[in-house]
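Trainee: Here are the chains, one letter per residue:
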Amino acid sequence: MAGSLSEAAKALVDEFKRNRLTELGLEVVESMASQFQTDLDTEVDVRNELRTVSRALEKATKRVLHILQRIHLEAESDEKTTKLGETGMDLIIKDVAPILAQIGEKLPPSEYYKYADFFRFNVIKSVFAIGLSKFLLDGSFATVQFVASILQIPTAETRKSGGIFLEWEEYLEGMIDVGQELARLAKNCVILDNYGLVAKIHSYISTLTFGFSGMNFKNDGLRRRFDSLKYDSRAIEEVVYDLKMQKSAAKSNS
Amino acid sequence: MMMMESSNPEAAPVPVLYTTEVAEMFDKAKAYLDVKRNKDDEIFHLTKDITYESKRIIFVLHRFFIYDDACRDAKRKLNMLLDSDRYFLGLAKALEGEDMSLHYRRYTHCVQECIEAMMFLHFIEHRKIPTYEDVKSFLVWVIKDEKCNTDPSATEKDANDDDGSDKPQEISTTTTSSRTLTVPLSLTDYMLGICDFTGELMKAAIPTLTKPKWHSFLYQVFALVREIYAQFAGICAENRLFRNKMSVMRASVIKIEATVYRLKMKILVYGRIPDSTDLQCIEYEEGDYGRGRVNRGGNMKTGNDDERDRGDSGVE
Chain A
1 MAGSLSEAAK
11 ALVDEFKRNR
21 LTELGLEVVE
31 SMASQFQTDL
41 DTEVDVRNEL
51 RTVSRALEKA
61 TKRVLHILQR
71 IHLEAESDEK
81 TTKLGETGMD
91 LIIKDVAPIL
101 AQIGEKLPPS
111 EYYKYADFFR
121 FNVIKSVFAI
131 GLSKFLLDGS
141 FATVQFVASI
151 LQIPTAETRK
161 SGGIFLEWEE
171 YLEGMIDVGQ
181 ELARLAKNCV
191 ILDNYGLVAK
201 IHSYISTLTF
211 GFSGMNFKND
221 GLRRRFDSLK
231 YDSRAIEEVV
241 YDLKMQKSAA
251 KSNS
Chain B
1 MMMMESSNPE
11 AAPVPVLYTT
21 EVAEMFDKAK
31 AYLDVKRNKD
41 DEIFHLTKDI
51 TYESKRIIFV
61 LHRFFIYDDA
71 CRDAKRKLNM
81 LLDSDRYFLG
91 LAKALEGEDM
101 SLHYRRYTHC
111 VQECIEAMMF
121 LHFIEHRKIP
131 TYEDVKSFLV
141 WVIKDEKCNT
151 DPSATEKDAN
161 DDDGSDKPQE
171 ISTTTTSSRT
181 LTVPLSLTDY
191 MLGICDFTGE
201 LMKAAIPTLT
211 KPKWHSFLYQ
221 VFALVREIYA
231 QFAGICAENR
241 LFRNKMSVMR
251 ASVIKIEATV
261 YRLKMKILVY
271 GRIPDSTDLQ
281 CIEYEEGDYG
291 RGRVNRGGNM
301 KTGNDDERDR
311 GDSGVE
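From first to last, the protein sequence lines are chains A and B.
Residue numbers for the first sequence follow the UniProt record's numbering, so the first one is 1 and each next one is one higher.
Residue numbers for the second sequence follow the UniProt record's numbering, so the first one is 1 and each next one is one higher.
Just so you know, the hints here were simulated from the structure itself, not pulled from any lab data.
Watch out, some of these pointers could steer you wrong.
List time: in silico EDC-like cross-link candidates among lysine to aspartate or glutamate, alpha-carbon distance up to 20 Å [what the hints assert, rightly or not]:
1) A:K106 - B:D99
2) B:K28 - A:E157
3) B:K30 - A:D227
4) B:K39 - A:D220
5) A:K114 - A:E58
6) A:K218 - B:D41
7) A:K114 - B:D40
8) B:K39 - A:E169
9) B:K48 - B:D83
10) B:K36 - A:D220
11) B:K264 - A:D14
12) B:K36 - A:E169
13) B:K264 - A:E7
14) B:K136 - A:D39
15) B:K30 - A:D220
16) B:K213 - A:D14
17) A:K10 - B:E257
18) B:K211 - A:D14
19) A:K114 - A:E43
20) A:K160 - B:E98
21) B:K211 - A:E7
22) B:K213 - A:E7
23) A:K160 - B:D99
24) B:K30 - A:E157
25) A:K218 - B:D34
26) A:K218 - B:D27
27) A:K218 - B:D40
28) B:K36 - A:D117
Please read all numbers here as calculations on a predicted model, not as lab measurements.
Same shape as in the complex, but just chain B (with noise of 0.2 Å):
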């Protein structure tokens, strides 16, 4: 209790230091972040329905074999995913003009999931896989803005209120000015959304060994699966990005390697292409594919033979 005698926190005058400069700062710095993350969630929320409706464009697609329309309704649902304000578009308008970087994590799954929707459409319709140009083809619109402009001043104010174009002036000048806008796709995001591809193709061509109408598609997705899984193995291995759906494709390639497999046995055994009259065949190929399969990645189930795929784990 000593020690204060020349102690005076008062001594100096102490500067203010909130001033209007730090103040404006600290409101920019508000305004930033408000910016920021309300872009943020807004695309957000429209990269969970993108991912949702393409989930549900796939479960369409997987009914080909028993309802013909399927493809012209997972069409038609492809198109107003890609042409809708709440979903592509939306997604579009929202990322024009932004930091690309700062949004590609939130949006790099939705746009895989759309290409993974849109590349099965295109193998059951066409029996190919969209090229890179293709795909990116599919995720650029043209935007017209119509303004009538009687009053240009009130136009140009319109154009700011509606879409933020940065190019007012011209829009007063001329009736229509269109822009262009995308959703930017990587070959990262391409060759992601293959790798999920694959897995549908495994789930729709297993069911197709007691169909002989489909065996057709069988041996294409065989052979598909095959390469760009021979493909992809050279290169995306040790990528990080690829870890576990490399993994997880190469459960598909062996699972449909064993439906083949488990199919040419059926033909040299009987001598002709077994059918869904064959219960010996139904029978035997139950819960037996897939015997080859080497278990790695942390991806699949592990358990006794009896309680392993019906054809489905190991894929998301």
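In isolation and in its complexed conformation, chain A is listed as follows (with noise of 0.2 Å):
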């Protein structure tokens, strides 16, 4: 058959057999290979140390939020809110900051935010369990320096170039997170005659609105939470004026 072919095909046919390796310059893209292997193996190495860390840290931030979720049913008196307090930060910095600072080791540098997926969502929880542990236990507010000085990690301002630090979006939100448990430990206080502490939680969360209020937020996630700690006060303020209304009836009935 090939017998029957012309030069010119003859030399195609011939082009299609012959290896053309080095002359397209392949080799780059055999070598290629090989190194981006040995970085896929490295980042494999990376992801599944920060994976088992992650996930001690998941396990001490829900053993203290499993903790502070008895104070719905023991807010009964200052004593008994200010242990649940004490206890809370205790075991955040017992357990949850000697993590993050693991974290922070295993971290590469300068690449905060390719692996804070895996702990973001915990940090979150943290700073939630310190703000209302805080808030327990003197009724005041958990500014950022305060959370980063508990968890032991710099702030954003502070930050060097490497390494964990504590994001602004990520204590905002636990701070909305505080407000909507405030939001449910208002009803329970009355629910427990202690009238004191829903004066305490409503200076609070009006501070947070107010913070939050002079911020503009993209239409993100952290504007949705922002919103919804707007029904927080709410509530928090129907349960307010439920007892003004409560009082001033007892009043003029007396």
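Work from the hints to combine the two standalone chains into their complex.
Mentor: Encoded structure:
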């Protein structure tokens, strides 16, 4: 069959058979493929390590949250709330902060955002736990510096190039979680006859909503969380309003 | 209604929580988030423009069969894309001093698209693919800031206003200072760019079946794409970033192989290289290649043979 081919056709058929690897610069592809494989392996290692540590972080934060849930059952007196706040804070310092330090060691330099999804959720939960504990301890507001000092990580302002830090979004989301929890706590305080705490909660949520209302949100997750904070704030205001009404009704009845 | 005798919400003084410290903190948060989002917006718009412009360059390059100056036009456009403040240089300036991992997801696609255009141009010109280092070197700029320093304080202020350079002292003492800007390119980006590039090669290669002048181009594409696929299949198959691109690349490989097979068959049947005057060839070829394609992955159309590809389905 090949005998009947024209010269040009023969040449073309030969071309297809020839190994053109070096001529096309294909050795580049080969060396790159092996380099990529090693890159991939190191990344898999980092991911596996971070996954393990993040699981430990999740366990530790869950434990704190579990203990702080008792607040809805035991908020009848200041002693009990202070004690719960102390326990929560101790657990964070003792269990959560060391794990965050470990994560900071495992994070490759300047790749915080690449791996942040591993621990972001639990950092938010830790911020929540600190914010709530601080409120239970002395009714005051946990600033970002305070939260960062408890977690023993730098804030976005004080961070150096590498490692873990407390991102503003995470702090703010954690504080919105506190507002949500306090909305529930306000009603439970009334049930448990702890009216003093309701006033504190009201002051707290006002501060929080006022602080948030000054910010420019884009249509993102944080903005949606802020919307929920407005509902929580209203729920608390309703409890305060009900108490006032009750008080004035009692006054006019007597 | 009997419970409230002892209730007194105002028994203890409620502390004022909105202290200056808290107010300052919220101000800081606001400033931080505003800066972060503005930067994100800026990068988003830059990357969008870069992507469009890269796609345009690829369209220009696809005309290289019929239009001799296609490469020159594309090169001019590519240089403009790289050196314009509206495109890559602007992106490099926007990324200066930023945390790259934060913006990576935003700019990776436009970098891939540009690499695709760069490779396509390089391949048409030199019949080779540029190395990772070659491509990287395109994404580095050395910027010279020329300052006339009659008044050092004014210069220092200018330097801060103009470019946010963190070395104002240096600028005030020397007339010219240079700094290096980069758009960081990861190996993964480069390889994803190659994956897209094979799709363009397929689009360019299939019409060459009826253009004997370009048959050498066809077999070069044939050799290159097969080699790339063989190399990538081993390492990227299970990687989530590559999964879709690999199935698209597989479709391209199969189409190119079908085209070469068709050409080989014609050579065997006619005993010479068919050209565009062979009406029989053209009719035979119409809608017939790619028959051996394996349909996998979500990116490809499914349908019966007649509706199937004209050589461009399954490619973004």
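Trainee: Hint by hint, note whether the structure agrees.
Mentor: To see whether the hints hold, each was checked on the structure:
{"no.": "1", "hint": "A:K106 - B:D99", "in the structure": "holds (18 Å)"}
{"no.": "2", "hint": "B:K28 - A:E157", "in the structure": "holds (9 Å)"}
{"no.": "3", "hint": "B:K30 - A:D227", "in the structure": "holds (17 Å)"}
{"no.": "4", "hint": "B:K39 - A:D220", "in the structure": "holds (16 Å)"}
{"no.": "5", "hint": "A:K114 - A:E58", "in the structure": "holds (19 Å)"}
{"no.": "6", "hint": "A:K218 - B:D41", "in the structure": "holds (11 Å)"}
{"no.": "7", "hint": "A:K114 - B:D40", "in the structure": "holds (16 Å)"}
{"no.": "8", "hint": "B:K39 - A:E169", "in the structure": "holds (16 Å)"}
{"no.": "9", "hint": "B:K48 - B:D83", "in the structure": "holds (16 Å)"}
{"no.": "10", "hint": "B:K36 - A:D220", "in the structure": "holds (13 Å)"}
{"no.": "11", "hint": "B:K264 - A:D14", "in the structure": "holds (11 Å)"}
{"no.": "12", "hint": "B:K36 - A:E169", "in the structure": "holds (11 Å)"}
{"no.": "13", "hint": "B:K264 - A:E7", "in the structure": "holds (14 Å)"}
{"no.": "14", "hint": "B:K136 - A:D39", "in the structure": "holds (17 Å)"}
{"no.": "15", "hint": "B:K30 - A:D220", "in the structure": "holds (15 Å)"}
{"no.": "16", "hint": "B:K213 - A:D14", "in the structure": "holds (16 Å)"}
{"no.": "17", "hint": "A:K10 - B:E257", "in the structure": "holds (19 Å)"}
{"no.": "18", "hint": "B:K211 - A:D14", "in the structure": "holds (18 Å)"}
{"no.": "19", "hint": "A:K114 - A:E43", "in the structure": "holds (11 Å)"}
{"no.": "20", "hint": "A:K160 - B:E98", "in the structure": "holds (12 Å)"}
{"no.": "21", "hint": "B:K211 - A:E7", "in the structure": "holds (17 Å)"}
{"no.": "22", "hint": "B:K213 - A:E7", "in the structure": "holds (15 Å)"}
{"no.": "23", "hint": "A:K160 - B:D99", "in the structure": "holds (11 Å)"}
{"no.": "24", "hint": "B:K30 - A:E157", "in the structure": "holds (13 Å)"}
{"no.": "25", "hint": "A:K218 - B:D34", "in the structure": "holds (9 Å)"}
{"no.": "26", "hint": "A:K218 - B:D27", "in the structure": "holds (16 Å)"}
{"no.": "27", "hint": "A:K218 - B:D40", "in the structure": "holds (11 Å)"}
{"no.": "28", "hint": "B:K36 - A:D117", "in the structure": "holds (18 Å)"}
In summary, the structure agrees with every hint in the numbered list given earlier.
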